[in-house]
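Protein chains in written order, with the numbering used here: chain R, 1 to 300; chain P, 301 to 606; chain Z, 607 to 1128.
Just so you know, the hints here were simulated from the structure itself, not pulled from any lab data.
Glycine included, every Cβ here is placed at the ideal spot set by N, Cα and C.
Computed from the model, here is a short list of chain Z residues facing chain R with C-beta under 8 Å:
id	residue
1	Thr839
2	Glu985
3	Leu1000
Listed below are the residues making up each chain.
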Amino acid sequence: MSAEPTGGAVADSLPAAPARARTGARGRRLPVFALSIIGAFVLAALLANVLSPADPEEQSLRQRFTPPVWDERGTWKHVLGTDRLGRDLLSRIIWGSRVSLTAGVLTVLLASAFGAGVGLVAGYHGGRVDAALMRITDATMSFPVILLALILAVTVGPSFVNVVIAIAVILWARYARVIRGQVLTLMELDFITQARIAGASAARIILRHLFPNTLNTLMVLVTLQVGYVIIVEASLSFLGAGIPPPTPAWGSMIAEGRDFVTSAWWVSFFPGLAILLVVLAFNLLGDWLRDTLDPKLRQL
Amino acid sequence: MARFVLARLVQSLVALAILSVVVFVLARATGDPLHLILPMSASEEDYANARRYLGLDRPYVEQYASFVSRALTGDFGTSLRARRPVGELIAQRLPNSLRLAAFAMSVSLLLAFPLGVLAAVWKGTGIDRAAQVIAVLGQSLPTFWVAIVLIEVVAGRLQWLPAGGIGGFTSYVLPGFTLGWFVVAGMMRLLRSGMLEVLDSEYVKLARVKGVVESRVVWVHALKNALIPVVTFAGIYFSILVTTAIVVETVFAWPGLGRLAYEAISSRDFPVIQAVVLTTAAIVAVINLSVDCLYAFIDPRIRYVR
Amino acid sequence: MRLAIGIVAVLLAFALGASPAAAQGKSDLTVALSSFSTEVLDPVLGGHVVKYYMSLMFDYLVGVTPDGQLSRDTGLATRWEPSSDHRRWTFYLRKGVKFHNGDEVTSEDVKFSLQRAIGKRSTTGYAGPLRALFADIETPAPDRLVIVTKDPTLIIPTYLSRSLSTEGMILPKKYIEAVGDDAFAQKPVGSGPFRFVEQVTGSHIKLAAVDNHWRIGVPRFKTVTFKLVPEETTRIALLRRGEVDIADVSRERVKELEREAFPIHFRREEAILTMWWVLPRDGQPTKDKRVREALNLAVDRNEVAQSIFAGHADPAYVPLGLSWSYRDIGFKVSSEMQYPYDPARAKKLLADAGFASGFPLTVHAYQLPGLPEGKAFAEAIAGYWQKIGVQPKLVPVDYPAFRKSWFDRATPGAVGYYNVANRDWIGTYALLEKQAYSKSKVSDTVNDPEIDGMIEQVMRQTDKEKIGVLMRNVYTRLRSEHYGVPVVYLHSPYAAAKTLGKWNPGNVMYDFFIDELASSKR
Chain R
1 MSAEPTGGAV
11 ADSLPAAPAR
21 ARTGARGRRL
31 PVFALSIIGA
41 FVLAALLANV
51 LSPADPEEQS
61 LRQRFTPPVW
71 DERGTWKHVL
81 GTDRLGRDLL
91 SRIIWGSRVS
101 LTAGVLTVLL
111 ASAFGAGVGL
121 VAGYHGGRVD
131 AALMRITDAT
141 MSFPVILLAL
151 ILAVTVGPSF
161 VNVVIAIAVI
171 LWARYARVIR
181 GQVLTLMELD
191 FITQARIAGA
201 SAARIILRHL
211 FPNTLNTLMV
221 LVTLQVGYVI
231 IVEASLSFLG
241 AGIPPPTPAW
251 GSMIAEGRDF
261 VTSAWWVSFF
271 PGLAILLVVL
281 AFNLLGDWLR
291 DTLDPKLRQL
Chain P
301 MARFVLARLV
311 QSLVALAILS
321 VVVFVLARAT
331 GDPLHLILPM
341 SASEEDYANA
351 RRYLGLDRPY
361 VEQYASFVSR
371 ALTGDFGTSL
381 RARRPVGELI
391 AQRLPNSLRL
401 AAFAMSVSLL
411 LAFPLGVLAA
421 VWKGTGIDRA
431 AQVIAVLGQS
441 LPTFWVAIVL
451 IEVVAGRLQW
461 LPAGGIGGFT
471 SYVLPGFTLG
481 WFVVAGMMRL
491 LRSGMLEVLD
501 SEYVKLARVK
511 GVVESRVVWV
521 HALKNALIPV
531 VTFAGIYFSI
541 LVTTAIVVET
551 VFAWPGLGRL
561 AYEAISSRDF
571 PVIQAVVLTT
581 AAIVAVINLS
591 VDCLYAFIDP
601 RIRYVR
Chain Z
607 MRLAIGIVAV
617 LLAFALGASP
627 AAAQGKSDLT
637 VALSSFSTEV
647 LDPVLGGHVV
657 KYYMSLMFDY
667 LVGVTPDGQL
677 SRDTGLATRW
687 EPSSDHRRWT
697 FYLRKGVKFH
707 NGDEVTSEDV
717 KFSLQRAIGK
727 RSTTGYAGPL
737 RALFADIETP
747 APDRLVIVTK
757 DPTLIIPTYL
767 SRSLSTEGMI
777 LPKKYIEAVG
787 DDAFAQKPVG
797 SGPFRFVEQV
807 TGSHIKLAAV
817 DNHWRIGVPR
827 FKTVTFKLVP
837 EETTRIALLR
847 RGEVDIADVS
857 RERVKELERE
867 AFPIHFRREE
877 AILTMWWVLP
887 RDGQPTKDKR
897 VREALNLAVD
907 RNEVAQSIFA
917 GHADPAYVPL
927 GLSWSYRDIG
937 FKVSSEMQYP
947 YDPARAKKLL
957 ADAGFASGFP
967 LTVHAYQLPG
977 LPEGKAFAEA
987 IAGYWQKIGV
997 QPKLVPVDYP
1007 AFRKSWFDRA
1017 TPGAVGYYNV
1027 ANRDWIGTYA
1037 LLEKQAYSKS
1047 KVSDTVNDPE
1057 IDGMIEQVMR
1067 QTDKEKIGVL
1077 MRNVYTRLRS
1087 EHYGVPVVYL
1097 HSPYAAAKTL
1107 GKWNPGNVMY
1117 DFFIDELASS
1127 KR
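Isolated chain R (complex conformation):
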């Protein structure tokens, strides 16, 4: 499922292209579409208890598969219709934005914090530390993320926390690779050498000099990967290892609704639309950030 190459070894160490004024004014224009979609869903997530018209877990078998309101059998009580247990889809999507966005953001934050730490330490120290850390990174990267999540799910049972951990445990390696590559380049630069000569401690150099210079890259990666994590979670739901019901997560909603694509299309369509919009928005925002902040990063 991964769209990102895990073995980004090459690009990370590609010599940076000479900076040129390539990014025209138009490229820098704020991605209004992406930002407004993300904003809307974040709002929905924060205000789920206010916005949601019904209890997302309240089932009513007699009302199962009520179509959306514009269908002649639809009702205003369930604007987007109901699922196979008669739960209100709109409410589930609103609450689902809280679950899915939290899962996406939390996973990426965990992974990036750990991965960046490893990358900074490895890149700064070099030598044996670097070699050891990078071999662990390589091993991690070659473990397919979905397989690990499946193993965790059958071992300790699928849950929100386990899904976040399973994805983060694999994802950090990419951050470690990319950040290490950047640190190696930075270490060649004069200001680091000067800081060393001035007697700054390793921790100080890493935190005050190296880390701030990798922030742009981190931001781009984080943004691009929130969407990726949401998609991976959905795939895990399909395989029965995602965030489990009755918790409303978009992935499991689509997975549950997939058998009714013909008989009750709305059950999987609306959560699918929600995922599409959010992931698209994060990807477009990430692309824009990269163009703006760090045009040298060609592949993240």
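Please build the complex by placing chains P and Z on the supplied structure of chain R, with the hints as guidance.
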């Protein structure tokens, strides 16, 4: 150069060794396969018998040692579920996975080329944004949903293409497209940024000055140069496609490695879990290694960076 | 650009090189199934669910008709009789039957097969009781076999018939002894109407017809292929395109397929879907009879049948009430046995039992083969229980993990569900025998000395009337003690191609008689 290759080779082997321990432990953490093999009425004695028969009663260290020493000779043991040699199971599935990945790769290249070039040439315009959206769309939908909708519409309703299973050319189209579209975005980004860089270079400027037709500048001179990173990343993408097609394989009933891994995990089939993970990791390692060597060959500076 | 075209061309060539073409003629039958079980082609290792394809490759010692009656025409035994003390069962074998490798089937093969079925390596479902019962197997003539038992019994013919599991499948002694167990499992040889051609695990199993078979004549199909297609949408699309002839489908999609005029064959009451709890400890709520009754009264069975199972299910009221056995033992579900939907009384019962404010109840939700509605079902039942004040907690696990914690008795009192395959009285007895409490076994769900005593007597009882009384009493007690929450009988739909013709999938567990469909004798 030889030293560089050797060093990278050793690094890959070390990573694989680490992975072998991890997957050995993780596989055993999933539970007891005997609960699935033995009938409900089995007694404690039946369990003890079966455990001895399958070699699961030995200490973990011993089991690991025999797993590694046999794996080095290419013997991954016998599947606990299917009672067949694991090597045979892998040999049946791997070619199917590789073929599907190759097809998906072609699909994504065919989509990424025009999109990437157009986006670069028309940078910042509506065309650029439209191309980006088309590419990113494939990455923004869960593949299983795309697959099911395709099957329902293209195979079930229109009946244009087979719905699942492996067969002739037509059976590759739907799974290949589903999988391929998913990675278009990454490849298109590469191509776009590569093109932007090249279009701005002295080399292209020179071509323009010399009066070469613009379309030729773009599609021949510039693209040729923007291709190199794409080609190297293509290798990596390929390995991703092989390792992570579980979902697509499930929906399309495609007998590949991913599906094998899924079945192995759900039946706690330790030898198969170990073999699949290590095989895929080895493929990734081989591809990365060759790409790195290729790069080091092209650009000697890399040898010093690493 | 040329480079790019070159890369794509090479990749495409690689992708398509050596891919086999899919050819399907009219004489080939393809069956798409959502699950294949273990895919082991050795009857003593496979478990029952492999019967779907294995019963085409092997003959049983005792045959059955598609509706589960023992038959002298469809098994290797043309007749069988007990001695007057019911300790010696003599089977007379059909003459001239050959294995696919040309060897003749003799009583030695039967003896070998039965010993193998109850041997140490065997993991079949019902080897246990046979192992306990068998004293000796004699082969006085190539066409005669005598099974000597330690106790008088009536169960032998059914246990070795096609109506149960795989113990009665007859295997070639010489072949297995020559090639070994492992080679046999990879290239099985039987005497059934179809012989093994190839197996790609996780993909398909292909069989080819023999020229002429004593049971079905010249088979109507040259090949039968079983395809593993886990995803429902894909199975249906394959059916629409004519790539498969039979597919198991979910109840939810029956209406849609019927609208398109695909014949749907139902296996009525194929399974009883039951909520049950792992043997509770003392002091746990489900140890209290009133609580068990309350949990039963809280469920609206009709609503579950109509909504979750799209009307292709009927309410069930007797725990483990395998209705195909009712006819054999003369059992009838009386109207007072039927649980009404009565949440008010359920609440009162809970209050009487001292749980007025409910209690936490762990409900496991997992996917079972053949039950796509499983998780929705678990969620729905948990919802009903919530309405009477119980606090159900849905715990998603995969089934093997649940089964482990159940066998390890790690989750006493926790609730799970199971679609127990329906079967005749001996099958039912065999199942009850497994479920009954015993220290040496791990699968118990009922701990009731009275029931254990009755079950103990059945195996050694040789008077059919008395067996009937015992079995009826077992059922009556299971119901009156509320040992479980039986919810519905499931009717399982199999969609067929429009060209398939008449087919009776029968009612024998884990079998749907593709060989009858292939018969030219009908």
